[in-house]
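Colleague: One-letter residues, chain by chain:
There are 2 protein chains.
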Amino acid sequence: VKVAIQGERGSFSHQAALELVPRAQVVACARSVEVFDAVDSGRTAAAVIPVENTLAGPVGEHLDLLCERDVFIYGERHLRIEHNLIAVPNGQSKKMQLKAIRQVLSHPVALDQCRNFFRRHRGVASVGFYDTAGAVKYVMANKLADAAAIASRQAAREYGGRILIAGIEDDRQNFTRFFLIKRKGRLPRALRNGKTSLVFSVQNVPGALFKALSVFALRDLDLSKIESRPVRGKPWEYMFFVDVLHGHDEVMDLALAHLKEVAGFVKLLGVYPRGK
Amino acid sequence: VKVAIQGERGSFSHQAALELVPRAQVVACARSVEVFDAVDSGRTAAAVIPVENTLAGPVGEHLDLLCERDVFIYGERHLRIEHNLIAVPNGQSKKMQLKAIRQVLSHPVALDQCRNFFRRHRGVASVGFYDTAGAVKYVMANKLADAAAIASRQAAREYGGRILIAGIEDDRQNFTRFFLIKRKGRLPRALRNGKTSLVFSVQNVPGALFKALSVFALRDLDLSKIESRPVRGKPWEYMFFVDVLHGHDEVMDLALAHLKEVAGFVKLLGVYPRGK
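Chains as they are written, first to last, in our numbering: chain X, 32 to 307; chain L, 32 to 307.
Everything labelled a hint here was simulated from the structure, so no lab data went into it. Everything numeric in this text was worked out from a predicted model, so none of it was measured. Errors might be hidden in some of the hints.
Any copy, or any two copies together, can satisfy a pair, since identical chains are not distinguished.
[To be verified] Here are the simulated DSSO-like cross-link-like pairs (lysine-lysine), alpha carbons at most 27 Å apart as the crow flies:
id, residue 1, residue 2
1, 265, 307
2, 130, 33
3, 298, 256
4, 213, 126
5, 125, 298
6, 298, 213
7, 126, 215
8, 126, 174
9, 298, 242
Required output: the full structure, derived from the provided sequences and hints.
Modeller: Structure representation (structure tokens):
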């Protein structure tokens, strides 16, 4: 099964794709729009995209694309972000090899999440790179002896790198949530542990958001998440992305119909089993 | 009056600082924490920070710092983001000079907001830089003849650059909202066109957010904005940042007391006149 991801092979998206679709044949795309194009055009059967990180917050661009494009969410996965120090295998002991490292390459967000490592290794410079897995690819391709990269285990596997230190992230409570998206087909039947994602806008009148949320509260439908996003071309107006801890059934249909009464725009984004 | 900003002199923050504090003596800080430190320690009387952009969304790091640090919002300002193509003055006509430009440096977000320019000028490469104003500084310092930078008018003024083309951004509906922050002092008296910013967390029970918002809806207090942010160390729990179109008075005091009944944590972030 072909699954599109944004970024290099060996990225956290690659790892999430393999967990959501065990036999996934990953298609790496440089930009997020290309990932959505791949699904839209049928070039890949699915895509796996990050939508939220517990330290950094939402991935706004992906929320916007979910709203704009004709795709549907069929699954979610929460991946713990483990950062590893990865170098070119050279036969030495890990301790010896670590002593020779003078610079560490990775995406600036990843570097920032490993501050304790750089505090303990004062002589090591951190160098910003466009992608975590791309940094491993670069260190391996150029056989750099004095450099290492910070990336996922999947990146080490992908490019044959050696993990010198595993889990060098400062905060272990670092998770990213991924969506599995496909072209919209049939709605899944009521799921016992289902979740529904949707987006809506409200009119610019007092209490409008409160009324929209009452649609769920009055039916005892619990929200696990609400996220606002600015509307392009309409400064200071917002869309609201909501996750409801409930699958698709008659109650949800009634709630959606009620929401359409009070909201300006409503789009059902997905119905899927809750991820671990 | 000393006012701290994040980034180089000539940045959009610099421009916003001058609009909020006309005689501001701007103190440029490399990192956002240093901006808050400057206010905390009294090294500067105030700081001006971006909190939201109408295309890119919220500046999460600044919302987190507003929540953590002992500062208070005393003003806001909405600045239209105008991007300008800036080069080293060389006495030629603008048209002639433009023909010699082979690369344009700027922050990746700014480059991405000027795609039409690069579509019209196929031979010009876009080069990512850490800062918009920093790109102007670099082009000027190195007297680059074949390069230009994309940045604010303030950056051209600051470094003596020449604006070859003004307003090259694709979307004119691009605004950034800035806060003026100071050490917390007295609350301003009820403002006719006042605004109140606060942050709260809710317990993880069904309908908790709905109850929290009822505190305002039941008193006809209008929200202009709600933003969720992940809580560090508590994956999938959120803080909610809310702006209320109402200054500080008895009704607001009652609403805040009511909010404390239903929310786990409440912090008043600021009371200030509504920005234009």
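Colleague: Going back to the hint list, which numbers does this structure go against?
Modeller: 2, 4, 5 and 7
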